[in-house]
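Asker: Quick note, the sequences are listed as chains Z and U, same order. The first sequence begins at 1 in my numbering and counts up one residue at a time. The second sequence begins at 582 in my numbering and counts up one residue at a time.
Since the hints were derived computationally from the structure, they do not count as laboratory data. Here the structure is a predicted model, which is why all the values come from computation and not from measurement. We put the CB at the ideal spot given by N, CA and C, even for glycine. A couple of the hints might just be wrong.
What the hints assert, rightly or not - Label pairs and their computed distance ranges (CB to CB):
#	chain 1	residue 1	chain 2	residue 2	range
1	U	SER615	Z	GLY380	57 to 67 Å
2	Z	ASP464	U	SER615	53 to 63 Å
3	Z	GLY380	U	LYS601	57 to 67 Å
4	U	ALA707	Z	GLU249	52 to 62 Å
5	Z	GLU272	U	ASP672	51 to 61 Å
6	U	MET702	Z	LYS213	13 to 23 Å
7	Z	GLU514	U	GLY649	49 to 59 Å
8	U	ASP698	Z	ASP381	51 to 61 Å
9	U	ALA707	Z	LYS301	49 to 59 Å
10	Z	SER148	U	ASP698	25 to 35 Å
11	Z	LYS151	U	GLY649	47 to 57 Å
12	U	ASP698	Z	SER459	54 to 64 Å
13	Z	ASP228	U	MET702	12 to 22 Å
Unchecked claim - Once the Cα atoms are required to be at most 25 Å apart in a straight line, the calculated BS3-like pairs of lysine-lysine come out as:
#	chain 1	residue 1	chain 2	residue 2
14	Z	LYS213	U	LYS657
15	U	LYS664	Z	LYS144
16	Z	LYS151	U	LYS664
17	Z	LYS213	U	LYS664
18	Z	LYS220	U	LYS625
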Amino acid sequence: MISQTFRILEVDLSSGRSTIRSIPGVATYIGGSGLAAKLHLDYARPELAWDDPAQPLIFTIGPLTGYFPLMSKTVCAFTSPLHGQYAESHAGGRSALALRFAGLDALVIIGRSERPTVLHLGANIIELMDAGYLWGKDALATGKLLRSILKGSGHRTIMRIGAAGENKSAMACINVDTYRHFGRLGGGGVMGAKHLKAIVVEGNNSLEQPEGKEYPALYKDICRRLTDTDMMRKYHNLGTASNLEALNELKALPWRNLQATSDPGIEGITGERFADDTLLRNAACAGCPVGCIHIGFVREKFHRDNRYIYRQVGYDYEPIFATGSMLGLTQAPEVLTVMDEVEKAGLDVMSGGVALAWATEALEKGVVTTEQTGIDLRFGDVQGYLKAVHLLAGAENEFWKILAMGTMAAANHYGGADFACVLGQEMAGYATGEVFYVAQSLGLRHSHLDTGAYSYDQSSAPKDVDKALAFLLEDERDRVILTSMVACLFARKVYDPETLRQCLTVLGGTDLAENLEEAGTFLQKLRWQARAAGGFDPMAVKIPKRFMEVSTWKGQADPEYMESLRLAYARAIVEMSRREE
Amino acid sequence: MDRCIGCHSCSLACARVVHKCLSWENAGIRILSSGGLSTGFLAKVCLACNPAPCAAACPTGSLKQRKGGGVSQLKKLCIQCGKCVAACPVDAIAQDRQNRPYVCIQCGNCVEFCPHDCLEMVEVEA
Chain Z
1 MISQTFRILE
11 VDLSSGRSTI
21 RSIPGVATYI
31 GGSGLAAKLH
41 LDYARPELAW
51 DDPAQPLIFT
61 IGPLTGYFPL
71 MSKTVCAFTS
81 PLHGQYAESH
91 AGGRSALALR
101 FAGLDALVII
111 GRSERPTVLH
121 LGANIIELMD
131 AGYLWGKDAL
141 ATGKLLRSIL
151 KGSGHRTIMR
161 IGAAGENKSA
171 MACINVDTYR
181 HFGRLGGGGV
191 MGAKHLKAIV
201 VEGNNSLEQP
211 EGKEYPALYK
221 DICRRLTDTD
231 MMRKYHNLGT
241 ASNLEALNEL
251 KALPWRNLQA
261 TSDPGIEGIT
271 GERFADDTLL
281 RNAACAGCPV
291 GCIHIGFVRE
301 KFHRDNRYIY
311 RQVGYDYEPI
321 FATGSMLGLT
331 QAPEVLTVMD
341 EVEKAGLDVM
351 SGGVALAWAT
361 EALEKGVVTT
371 EQTGIDLRFG
381 DVQGYLKAVH
391 LLAGAENEFW
401 KILAMGTMAA
411 ANHYGGADFA
421 CVLGQEMAGY
431 ATGEVFYVAQ
441 SLGLRHSHLD
451 TGAYSYDQSS
461 APKDVDKALA
471 FLLEDERDRV
481 ILTSMVACLF
491 ARKVYDPETL
501 RQCLTVLGGT
511 DLAENLEEAG
521 TFLQKLRWQA
531 RAAGGFDPMA
541 VKIPKRFMEV
551 STWKGQADPE
561 YMESLRLAYA
571 RAIVEMSRRE
581 E
Chain U
582 MDRCIGCHSC
592 SLACARVVHK
602 CLSWENAGIR
612 ILSSGGLSTG
622 FLAKVCLACN
632 PAPCAAACPT
642 GSLKQRKGGG
652 VSQLKKLCIQ
662 CGKCVAACPV
672 DAIAQDRQNR
682 PYVCIQCGNC
692 VEFCPHDCLE
702 MVEVEA
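Pulled out of the complex, with its shape left as it was, chain Z reads as follows:
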């Protein structure tokens, strides 16, 4: 049921004390992205470094979380180690329902523990456990150990970090329930800076639901729309991996650090190839009947007497792009093996893959030397990458330490900025053209999910700055509403504004239902204000030369169109960032 106030747990790792706060404004801040931006504005200290103990690590869910299918995501917000400003990263798994059934709308963690710690929460649990014995353990081993140490199997989330997080890497993710991640912008590094190895949330309470038949009927109708139609087939059939062949065909799939956009090597890493040769089974986030998680397997002979181990690796389009085509790896089992090491190391797979691709080209061009890297890397050579993943996560020497703070940080130090595939952060796998390059560079999360710009590039839309800008602004606002609920964006076609209003109304959130459009517009601005508070200057954002050099199905990017759109979107962001008195 929707309340007028948010129930927020604030945990101070320095003092070991916690506070439950009740904050009004559900009809204004909604939850999820909106609530995260508000809490970051309230708690963050822009004058201090990102890793100062005072900086908050925030997790929020939304008013529809758990009440409707695919309302299954959590927003994690923090001050990013990459840019020192407001950042959001989203993940599913069991995180959202665990927070819901722990009775929380948001969790805010401040302070820094003296020793490595596990934070264990539930509806009637708040405890900090010493975790010295877990520090140094990889993300998978940490999950396994915590599963056996704490009770609550099936109805909890285990969010933890690996070496990358412990080393405060800007590419460190937070691994969630083994196959999901708060991937981007370095949330894992924030946990590392707080000496927080893991957060375990038990969803051990139940909640009221509306009386009468209206709510179960609406649930059933939405569930039917999500599962009975072909709408979700893409996600549960081949999954997002189906994009590989399509984008390669279009000449929009980044290969070998975006030196090419298409390659015959695609044969070995298509969605079909992964499904036919490696797909073991599917899994789902809690509360989602679609089950888009694809788990592949790879076996490895470790002894000549036919002794094998096997690994189960969650795959998707983005991880395959980042550890496959971007690194010139064209065999599905090799790609899964690299992904598995990335998973253990607790690296964001996209940032990690793109960083290693840059390092490979930098070595090829002599921008850096093997003396500096301590290893030779060549596109297509899996053995080098299996080692390099751990050098990067472990920040093993000066080179890897600098690269761990971002590919552009390394390029600024060593040279090679022209071929650093960085659009705000390491690129997502869409070499689709001008609108995407601008959208990721300037997008609030520097994510391919901020807007559907990659689809816009693939449409027949004319090169019209005003039209493209209108699309970006409108799509961003619509998505802010969804990520404040917090919906999985795969369900965006089902959760249109009218359906959202019905869902909110049936749960007693009439005020919010009536204020939905206004709240969306307000929160779109609020998030930019949170970003601006950290000093974001959209006018200064640059798009590296590599994006102008590469050819897609449309030919090379049009620099004039891209620059005009970049300036227009940047000006719009400056405008949205203004705080009204």
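Starting from the known structure of chain Z, arrange chain U on it as the hints suggest.
Answerer: Positioned in the frame of chain Z, the structure of chain U alone reads:
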């Protein structure tokens, strides 16, 4: 159940439709991983014992043997003693923080919400 993807749709449906609450725990069927997500999923659900040890253990007749196996439940007779929970050999009866028991009553409401057809409603001879 080998097809289970761990979406908890069945538990959520049982709680929503039968027990009128939002929960993944207060339900006659509960899903957990069989030892971590990498090992697949298990359902904790009534095996329709006949005779049912939970009904035999219930001191008030809140749980009653159904013909053909399993039990029916009269919630107003329950004194939250937990005897049924202890008696169940497969841990299929959940208990909430107020010690109220949740057991499958063989109603089949969960079946239509399972996206992978793991669940099936079968008529048995009483």
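Asker: All hints are to be evaluated individually against the structure, with a verdict given for each.
Answerer: So, going through the hints one by one against the coordinates:
1. SER615/U / GLY380/Z: 57 to 67 Å: For GLY380/Z against SER615/U, whose Cβ atoms are near 38 Å apart, the range 57 to 67 Å is violated.
2. ASP464/Z / SER615/U: 53 to 63 Å: holds (55 Å)
3. GLY380/Z / LYS601/U: 57 to 67 Å: Distance hint for GLY380/Z, LYS601/U holds at roughly 58 Å.
4. ALA707/U / GLU249/Z: 52 to 62 Å: holds (60 Å)
5. GLU272/Z / ASP672/U: 51 to 61 Å: violated (41 Å)
6. MET702/U / LYS213/Z: 13 to 23 Å: For LYS213/Z against MET702/U, whose Cβ atoms are near 21 Å apart, the range 13 to 23 Å holds.
7. GLU514/Z / GLY649/U: 49 to 59 Å: holds (51 Å)
8. ASP698/U / ASP381/Z: 51 to 61 Å: Since the Cβ atoms of ASP698/U and ASP381/Z sit about 44 Å apart, the hinted range of 51 to 61 Å is violated.
9. ALA707/U / LYS301/Z: 49 to 59 Å: holds (56 Å)
10. SER148/Z / ASP698/U: 25 to 35 Å: Given about 32 Å between the Cβ atoms, the range holds.
11. LYS151/Z / GLY649/U: 47 to 57 Å: violated (34 Å)
12. ASP698/U / SER459/Z: 54 to 64 Å: At roughly 37 Å between Cβ atoms, SER459/Z and ASP698/U fall outside 54 to 64 Å, so the hint is violated.
13. ASP228/Z / MET702/U: 12 to 22 Å: holds (19 Å)
14. LYS213/Z / LYS657/U: holds (22 Å)
15. LYS664/U / LYS144/Z: Violated. LYS664/U to LYS144/Z sits at ~32 Å, over the 25 Å cutoff.
16. LYS151/Z / LYS664/U: holds (22 Å)
17. LYS213/Z / LYS664/U: Violated: LYS213/Z and LYS664/U sit about 33 Å apart, past 25 Å.
18. LYS220/Z / LYS625/U: It holds: about 24 Å lies between the C-alpha atoms, which stays within 25 Å.
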